[in-house]
Amino acid sequence: MQASCLYHSNFLNRLVAVAGSLAWILVLLTAPQSIVTGDDRIAAVSWSEVAALAADPVVTVDEPAVIFDPAAQPIPPLPPAMITAAAPQDAWTWQTLPEGLLWHSYMAGPHEPRISTVLFSEHDGGAFWDATLGGRVGLLRYGSSDAKHPEGWQWDLEGAVITRLDLYNSEDVESNDFRFGTELTKALGAWSLKFGYFHISSHVGDEYMERNPTFERINYVTESLVLGASYQAYESLRLYGETAFAFKMSGGARPWQFQTGFEFVPAPKSLKWGGPFSAMNLDIREAVGYSPSLTAQMGWQIPGSQSGRRLRWGAQYTNGHSSQFEFFQRKEQTIGGGIWFDY
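Heads up: the sequence shown is residues 1 to 343, going by the working numbering.
Calculated directly from the structure, the hints in this document are not laboratory data. A portion of the hints provided could be inaccurate.
[Said to hold, decoys possible] DSSO-like mimics (lysine-lysine), calculated; alpha carbons at most 30 Å apart, straight line:
1. Lys148 <-> Lys194
2. Lys248 <-> Lys194
3. Lys148 <-> Lys272
4. Lys248 <-> Lys186
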């Protein structure tokens with residue numbers, strides 16, 4: 001009897017334990033459960049929500065934001081080769097052999113340093129070829145680094161030989177004018193200025209002397225100081241003037257020489273194909289009684305997109321005293337065409 005009571009007591013205890021377990025399982029299946037998230041905040045999630053998350057193939061989990069602490073993780077310095085300190089383009093700096101010019105040669109100036117070739121006929125019936133081989137370069141600049149429209153101060157060097165050949169006489173050299181000079185130039189806004197020195201000496205060709213044995217050669221030489229100003233009245237219009245004073249001269253030269261003129265170059269619709277141009281220069285020299293000599297040009301030009309240089313071709317008309325100083329007292333009227341490369 002005692003054994004039977006003990007058996008029933010154990011059976012009832014086990015039954016109560018099983019019933020309690022079933023009750024807890026039922027509570028867990030129906031009540032919200034607590035899970036711990038990555039940011040230590042507790043969110044209530046039901047088992048049905050857990051099942052839905054399990055069925056979703058893509059689960060997005062917001063990662064905690066990472067705040068960079070430079071004190072904890074300092075950035076290592078860049079290698080010196082990777083560090084470049086590029087100055088702004090309009091900042092004024094010292095530059096040796098700079099790109100571009102602050103002062104440009106006159107388009108229609110007959111004695112300007114450039115590369116050009118002009119074929120023309122003279123009103124007396126002659127036919128000639130004027131070829132110029134020269135250029136203008138910058139040695140030192142304090143100013144902006146722009147090559148096309150720079151500003152600042154610049155020291156330039158210039159030189160050219162201007163040769164005339166007689167086309168009707170086997171292209172014999174008739175004469176040569178040699179020019180060499182150096183200038184200090186300045187450009188700021190629409191204004192450009194120059195002050196400097198130039199030397200000119202003229203020489204007659206050997207072939208000309210052989211054909212004209214009675215010709216008396218002159219030793220035309222000038223050593224001059226020059227002061228000039230240029231004003232860009234509009235983007236397409238340049239006005240200029242200069243005064244030169246020869247402190248040393250020979251061969252009939254006189255101290256004073258003046259030049260003035262204009263250049264009209266409308267902005268081209270295409271830098272690739274360029275646009276028209278026209279230019280006029282008046283050369284007024286004391287050596288010929290201040291009688292002005294006119295040079296007029298018109299044609300087509302292609303500007304350099306970045307360099308400021310220019311290639312031109314077109315027609316030329318001159319009226320006045322010869323631009324070859326070996327014959328500076330000779331009157332000429334010419335018409336022809338040419339190609340000019342301007343620095």
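Outcome of the hint check:
no. : hint              : result
1   : Lys148 <-> Lys194 : 18 Å, holds
2   : Lys248 <-> Lys194 : 20 Å, holds
3   : Lys148 <-> Lys272 : 16 Å, holds
4   : Lys248 <-> Lys186 : 26 Å, holds
Going down the numbered hints, you'll see the structure goes against none, and every one checks out.
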